[in-house]
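Residue numbers (my numbering), protein chains in the order written: chain W, 1 to 324; chain D, 1 to 285.
What the hints contain is simulated information worked out from the structure, not anything from laboratory work.
Values in this document were obtained by computation on a predicted structure and should not be read as measured data.
The C-beta atom is built at its ideal place from N, Cα and C for all residues, glycine as well.
Certain hints may be false.
[As the list claims (entries may be wrong)] Pair by pair, the computed Cβ-Cβ distance ranges are:
no.	chain 1	residue 1	chain 2	residue 2	range
1	W	Gly168	D	Glu76	20 to 30 Å
2	W	Glu171	D	Gly177	43 to 53 Å
3	D	Ser107	W	Lys30	18 to 28 Å
4	W	Asp122	D	Lys283	19 to 29 Å
5	W	Asp291	D	Asn270	17 to 27 Å
6	D	Pro256	W	Gly14	45 to 55 Å
7	W	Gly113	D	Pro90	18 to 28 Å
8	W	Ser221	D	Glu227	47 to 57 Å
9	W	Glu171	D	Ala258	41 to 51 Å
10	D	Thr255	W	Ala124	45 to 55 Å
[Stated by the list, open to error] Capping the alpha-carbon separation at 30 Å, the derived lysine-lysine pairs in DSS-like fashion look like this:
no.	chain 1	residue 1	chain 2	residue 2
11	W	Lys323	D	Lys283
12	W	Lys257	D	Lys223
13	D	Lys282	W	Lys290
14	W	Lys198	W	Lys257
15	D	Lys282	W	Lys323
16	W	Lys290	D	Lys266
17	W	Lys198	D	Lys224
18	D	Lys216	D	Lys229
19	D	Lys224	D	Lys92
20	W	Lys323	D	Lys92
21	W	Lys290	D	Lys216
[Claimed, not checked] If you want a taste of the chain D side facing chain W, the calculated C-beta under 8 Å gives, among others:
no.	residue
22	Lys92
23	Ser112
24	Pro114
25	Gly159
26	Val167
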Amino acid sequence: MAGILVVAEPQGSGFRRVGLEILSKARELKDSVGGPLAAYVGGSGVADQAAQLGAYGAEKVFVADHEALGTGLAAPHVDVLAQLQAENDFSAILFGGTVQGRDTAAALAARLGAGLNSDSTDLAPGGSGIQATRPAFGGQNLVQSTWTGGPQIALVRPNSFQASESGGSAEVVAVTPAISGDALRATVTARKPAEEGKISLEEASIIVSGGRGLGAPENFSVVEALAASLGAAVGASRAAVDAGWYPHPNQVGQTGKTVSPNLYIACGISGAVQHKVGMQTSDVIVAINKDEEAPIFQFADFGVVGDLFEIVPQLTELINQRKG
Amino acid sequence: MLAAVRRVPCITRARAHVNFQEPVFVKIAVCVKEVPDTTAEKRIDPGTGRLVRDEGDRMLNEFDKYAVEEAVRLKEAGAADEVILISLGPDKAVESLRQGLAMGADSLVLVSDPAAAGSDYLGTANALAKVLEDSGADLVLLGSEATDARSGVMAAALGEVSGRAWVTAANSLAVNGGSITVERQSDDGVDTVELPLPAVVSVTKAINEPRYPSLKGIMGAKKKPQEVKSLADAGIDASTVGEAGAKTTVLGVETPPARQAGQVVKDDGNGAQQILDFLVEKKIV
Ligand SMILES: Cc1cc2nc3c(=O)[nH]c(=O)nc-3n(C[C@H](O)[C@H](O)[C@H](O)COP(=O)(O)OP(=O)(O)OC[C@H]3O[C@@H](n4cnc5c(N)ncnc54)[C@H](O)[C@@H]3O)c2cc1C
Ligand SMILES: Nc1ncnc2c1ncn2[C@@H]1O[C@H](COP(=O)(O)O)[C@@H](O)[C@H]1O
Chain W
1 MAGILVVAEP
11 QGSGFRRVGL
21 EILSKARELK
31 DSVGGPLAAY
41 VGGSGVADQA
51 AQLGAYGAEK
61 VFVADHEALG
71 TGLAAPHVDV
81 LAQLQAENDF
91 SAILFGGTVQ
101 GRDTAAALAA
111 RLGAGLNSDS
121 TDLAPGGSGI
131 QATRPAFGGQ
141 NLVQSTWTGG
151 PQIALVRPNS
161 FQASESGGSA
171 EVVAVTPAIS
181 GDALRATVTA
191 RKPAEEGKIS
201 LEEASIIVSG
211 GRGLGAPENF
221 SVVEALAASL
231 GAAVGASRAA
241 VDAGWYPHPN
251 QVGQTGKTVS
261 PNLYIACGIS
271 GAVQHKVGMQ
281 TSDVIVAINK
291 DEEAPIFQFA
301 DFGVVGDLFE
311 IVPQLTELIN
321 QRKG
Chain D
1 MLAAVRRVPC
11 ITRARAHVNF
21 QEPVFVKIAV
31 CVKEVPDTTA
41 EKRIDPGTGR
51 LVRDEGDRML
61 NEFDKYAVEE
71 AVRLKEAGAA
81 DEVILISLGP
91 DKAVESLRQG
101 LAMGADSLVL
111 VSDPAAAGSD
121 YLGTANALAK
131 VLEDSGADLV
141 LLGSEATDAR
151 SGVMAAALGE
161 VSGRAWVTAA
171 NSLAVNGGSI
181 TVERQSDDGV
191 DTVELPLPAV
201 VSVTKAINEP
211 RYPSLKGIMG
221 AKKKPQEVKS
231 LADAGIDAST
241 VGEAGAKTTV
251 LGVETPPARQ
261 AGQVVKDDGN
271 GAQQILDFLV
281 EKKIV
């Protein structure tokens, strides 16, 4: 067993930030796990960007360029990663907790008969090389686990680590992907990309959420404007989603997404426990609610009692002014 | 293999998910899990220092209701002739899982065995795959996540272990003869994906609005077949599940201090500025 492989998902001409976050963290794990620190880039037309990962600490970047690797489906990546594992025997393989990351990590781990620690919010030296921490019961508990054998496969929640450059450079190794017929059974026949500039909730470092206090679907524009000024994603409470004011994928909470952004701004959300368990692992929580008794004020870091229709547009204006 | 029975469909519903040109009736298995209510205030027994588990604290995983609903709708639309529920969990889970029968599923197989306790994702996938293999199901539906661990990895693991084609995060699902088409919520948008049966698919909340079981459904559920099988009954190798099969191990559990209330101010026209000052102080903007 040797080294750590970080799976970095390409996005446009760069990478999803979570991959860079994990690479940055993995530099600290090299001493306990052993080097080298390698990265995997799989996609369609991604060969040119692979070298960028050297700046984040990757010493070696395996790049697999194939049409089937650019569809968002995981099965072809599983074939390529299994092939890489057979040739390199990595001690640890680390993935970001995106849709594609979860799918690829789970199927690869199952194929290799390896352990999988999902939804990790911290990785540290310890256990059998790495110790993973994950929140349980909506963040009421933190569970530390390790692996009973290798390779140690982990999924990491976005925003768990800071992406930082190391100033290094990487050797890029082109891989010839051998993709089986089975991995090509599911095919993508059409793609409808999300709106330009929309950031997914899980990956966003700032989220502005709206609840029933918005009163009507069109009023989400108030929340969207604040989100745009901050470069944030938009979330919603279940009450707002159930009322049909905002789409399902944006729901935060027990029956929606679990998010851990650096900043969560709740506008017109009461802070019911089912909402809280989806966002209480955020670094900083700000709440705007006209009811001073609203439960959200019991766990927000900064709260303003007042009318969101006054405060949110003012805040948007102030932030836009500040940006110049 | 496709356990396809060719018949003329007799029931059609307003919401057709089916392409009737080539009617193929499929058997659907839905993987359902009993979970604790994660929002319940956890009580620690002062005597044992252990978590008190109230009976009322356990329920059918919310996300699985969407998978059950979709399967029942496919059956009602004439695209499926049977919906079975399969699960791995404690034998008491039958109580919670019966809700799926009340919604319209036909039967339940629950694998329950002390030796299966402590199964990780792989042990669970191994056990479910064995039950699936014996069930003859063509289409397997799962929820997107279980609300206890929130891993969302089972569909991919089960697809891999069972050797079936698989896809996650279906916002819609249509059966066309021997294949299915799903609209899939990917990281970058919504994709149309086709895959042949037999297949494993996890569904999102956008796929439907699960029904509340009717009183008749609830009463009828008690009489539907519900089998609780040991590992031996189910033919599952005990070394592949439970603590024995687990590839990860818990080192410890910490209870971080609960979040405290921060500063709360009343807006006197200055609220937005105070938020900005706070964000600047925190170096966020
Ligand atoms: C099994 C189960 C699962 C659930 N899962 C989730 C989940 O995943 N996510 C989730 O969010 N909820 C979930 N819920 C629902 C949850 O219990 C609450 O009902 C929901 O979170 C309430 O949403 P809300 O805060 O937007 O609405 P409300 O509780 O109605 O709160 C609206 C708030 O807006 C404030 N307000 C109104 N007007 C203004 C104004 N002009 N300016 C400022 N403030 C204003 C009000 O004071 C109030 O506090 C779940 C419930 C159950 C039973
Ligand atoms: N023990 C289990 N028994 C049956 N189905 C399960 C079990 N664990 C997980 N699942 C299914 O897999 C989905 C995703 O679970 P998870 O990957 O654990 O978040 C759930 O919504 C269920 O459909």
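Results for each hint:
no.: 1; hint: W:Gly168 - D:Glu76: 20 to 30 Å; in the structure: violated (59 Å)
no.: 2; hint: W:Glu171 - D:Gly177: 43 to 53 Å; in the structure: holds (49 Å)
no.: 3; hint: D:Ser107 - W:Lys30: 18 to 28 Å; in the structure: violated (52 Å)
no.: 4; hint: W:Asp122 - D:Lys283: 19 to 29 Å; in the structure: holds (21 Å)
no.: 5; hint: W:Asp291 - D:Asn270: 17 to 27 Å; in the structure: holds (19 Å)
no.: 6; hint: D:Pro256 - W:Gly14: 45 to 55 Å; in the structure: violated (34 Å)
no.: 7; hint: W:Gly113 - D:Pro90: 18 to 28 Å; in the structure: holds (26 Å)
no.: 8; hint: W:Ser221 - D:Glu227: 47 to 57 Å; in the structure: holds (53 Å)
no.: 9; hint: W:Glu171 - D:Ala258: 41 to 51 Å; in the structure: holds (48 Å)
no.: 10; hint: D:Thr255 - W:Ala124: 45 to 55 Å; in the structure: violated (19 Å)
no.: 11; hint: W:Lys323 - D:Lys283; in the structure: holds (14 Å)
no.: 12; hint: W:Lys257 - D:Lys223; in the structure: violated (36 Å)
no.: 13; hint: D:Lys282 - W:Lys290; in the structure: holds (24 Å)
no.: 14; hint: W:Lys198 - W:Lys257; in the structure: holds (16 Å)
no.: 15; hint: D:Lys282 - W:Lys323; in the structure: holds (17 Å)
no.: 16; hint: W:Lys290 - D:Lys266; in the structure: holds (9 Å)
no.: 17; hint: W:Lys198 - D:Lys224; in the structure: violated (47 Å)
no.: 18; hint: D:Lys216 - D:Lys229; in the structure: holds (27 Å)
no.: 19; hint: D:Lys224 - D:Lys92; in the structure: holds (17 Å)
no.: 20; hint: W:Lys323 - D:Lys92; in the structure: violated (58 Å)
no.: 21; hint: W:Lys290 - D:Lys216; in the structure: violated (44 Å)
no.: 22; hint: Lys92; in the structure: violated (20 Å)
no.: 23; hint: Ser112; in the structure: violated (23 Å)
no.: 24; hint: Pro114; in the structure: violated (20 Å)
no.: 25; hint: Gly159; in the structure: holds (7 Å)
no.: 26; hint: Val167; in the structure: holds (5 Å)
Hints 1, 3, 6, 10, 12, 17, 20, 21, 22, 23 and 24 from the list above are not met by this structure, while the remaining hints are.
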